[in-house]
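Given chain A, work out where chain B should sit, using these hints.
Chain order of the listed sequences is A and B.
The first sequence: position 94 = 94 (UniProt numbering), numbered continuously.
The second sequence: position 126 = 126 (UniProt numbering), numbered continuously.
Hints are supplied without guarantee of correctness; some may be wrong.
[As the list claims (entries may be wrong)] DSS-like, lysine-lysine: derived pairs with alpha carbons at most 30 Å apart: (1) B:Lys104 x A:Lys17; (2) B:Lys176 x A:Lys11; (3) B:Lys87 x A:Lys42; (4) B:Lys104 x A:Lys11; (5) A:Lys38 x B:Lys104; (6) A:Lys17 x B:Lys91; (7) B:Lys87 x A:Lys17; (8) A:Lys42 x B:Lys17; (9) A:Lys38 x B:Lys29; (10) A:Lys11 x B:Lys29; (11) B:Lys91 x A:Lys38; (12) B:Lys17 x A:Lys38; (13) A:Lys42 x B:Lys176; (14) B:Lys61 x A:Lys42; (15) A:Lys17 x B:Lys176; (16) A:Lys17 x B:Lys29; (17) B:Lys18 x A:Lys42; (18) B:Lys79 x A:Lys38; (19) A:Lys11 x B:Lys96; (20) B:Lys87 x A:Lys38; (21) A:Lys17 x B:Lys61; (22) B:Lys93 x A:Lys17; (23) A:Lys38 x B:Lys18; (24) B:Lys93 x A:Lys11; (25) A:Lys11 x B:Lys87; (26) B:Lys61 x A:Lys11.
[Said to hold, decoys possible] Under 10 Å between C-beta atoms, here's a sample of chain A residues computed to sit facing chain B: (27) Ile8; (28) Arg10; (29) Leu13; (30) Ala19; (31) Arg20; (32) Arg22; (33) Tyr24; (34) Ser26; (35) Met28; (36) Arg30; (37) His31; (38) Asp34; (39) Ile52; (40) Thr56.
FYI, nobody ran anything at the bench for these hints, they're computed from the structure.
Quick caveat: nothing in here was measured; it's all calculated off a predicted structure.
Just so it is clear, CB atoms sit at the ideal spot from N, CA and C, and this is done for glycine as well.
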Amino acid sequence: MARNEIRIRRKPLSAGKLARYRNYESLMARHERDVRIKRLSKLILYVLIIVILVCTFLGVYIIREKQKIERAKRKAEHASHVHTRDNNIQGVTVIEQVNRQPLL
Amino acid sequence: MTEAEIQEEYAILERSKKDPRAFGVLYEKYFDRIFNFIYRQTDDEDLTADLCSQAFLAVLKHVGRYQFRGVPFSAWLYKIASNEVNKYYRKRKNTKVFSLEEVKVRELMDAAQEPWDEELLQRLLGYLNDLPTDMLEVLQLRFFEDKDFAEIAFILDISESGAKMRTYRALDRLRKNFNLQIKYDGKE
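The following block holds chain A by itself, in its conformation from the complex (with noise of 0.2 Å):
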């Protein structure tokens, strides 16, 4: 099995043909386009990484704050429960003493 294809001309390529193909102003026009595209592609990565970067940032942000005001409200809360159950044990000894005095 050939490798590869031989193929032989009779007719080399004429000035004319090449020069139908020849065209730096095309080539030129699609090269800027390239190089537009390229800086276009950049400008939408570079935006894309600080966006994603602001979101983490806000995201982490957030989260803190919330974490840091469930905290405090459990500190409130903890407080709170603390100081009813100090009063209620007060009360039940006022009322256990009140319930122990004999009746007259």
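Same frame as chain A, now just chain B:
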């Protein structure tokens, strides 16, 4: 190529790094050669035009990174064109085509002791068909593009001695089969 010409091309390339329009001179100079080089490996005009544009676009894209490495700028251009052709064949998984001009083949075979006829041509086709791609690439660059071994080595990304060895092996078989007086450097 003279040292002055190499320097002149280098100066144009330096200008092209800042203003791609300056590259136009080199495009006009090398377009026909690169087109023919690719056409010889595709035998399809439209495909060649596409690959040629791709090659020149790649040159414009990477011209900022070009550094002189002891070979003329054209070798870099051929290397990029060769990469574009290889990329095309890798993607399509087609059999590689080598379309050789009869005139050029005749020039090469003029050193043969046998008369040029259809039978000799068919024998030659058979011989070239049996050659591996890397040898055909070397022969194409050496005898159809007139490249020296340093340039061939740079274009095909092989060592200079490797390029010489491949040419020697291919020509040795050609000499034996066709009674050629051709020398290993392409001269009679």
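CA of Lys87 of chain B to CA of Lys17 of chain A, is that 30 Å or under? holds (25 Å)
Are Tyr24 of chain A and chain B close enough, Cβ to Cβ, to be under 10 Å, as the hint says? holds (5 Å)
Given Arg22 of chain A was flagged as interface, is its beta-carbon under 10 Å from a beta-carbon of chain B? Where the cut-off is 10 Å and the nearest Cβ of chain B is about 5 Å from Arg22 of chain A, the hint holds.
Given pair status - Lys42 of chain A, Lys18 of chain B, alpha carbons within 30 Å: Between Lys18 of chain B and Lys42 of chain A the Cα gap is close to 20 Å, so the pair holds against 30 Å.
Hint consistency between Lys11 of chain A and Lys29 of chain B [alpha-carbon to alpha-carbon, up to 30 Å]: holds (22 Å)
CA of Lys176 of chain B to CA of Lys11 of chain A, is that 30 Å or under? Distance of about 28 Å is within 30 Å: holds.
Does the closest beta carbon of chain B sit nearer than 10 Å to the beta carbon of Asp34 of chain A? Interface hint status for Asp34 of chain A: holds (7 Å vs cutoff 10 Å).
Satisfaction of hint between Lys17 of chain A and Lys93 of chain B, Cα-Cα up to 30 Å: holds (28 Å)
Restraint satisfaction for Arg10 of chain A [CB to CB of chain B, less than 10 Å]: Holds: closest Cβ of chain B sits about 5 Å from Arg10 of chain A, inside 10 Å.
Taking 30 Å as the top limit, are the C-alpha atoms of Lys61 of chain B and Lys42 of chain A close enough? holds (15 Å)
Under the criterion of a CB-CB separation shorter than 10 Å, is His31 of chain A in contact with chain B as hinted? holds (5 Å)
Keeping to a limit of 30 Å between CA atoms, is the pair of Lys11 of chain A and Lys96 of chain B held or broken? The hint holds at about 21 Å.
Violated hints, listed in ascending order, are 5, 13, 15, 26, 39, 40; each of the other numbered hints is respected by the structure.
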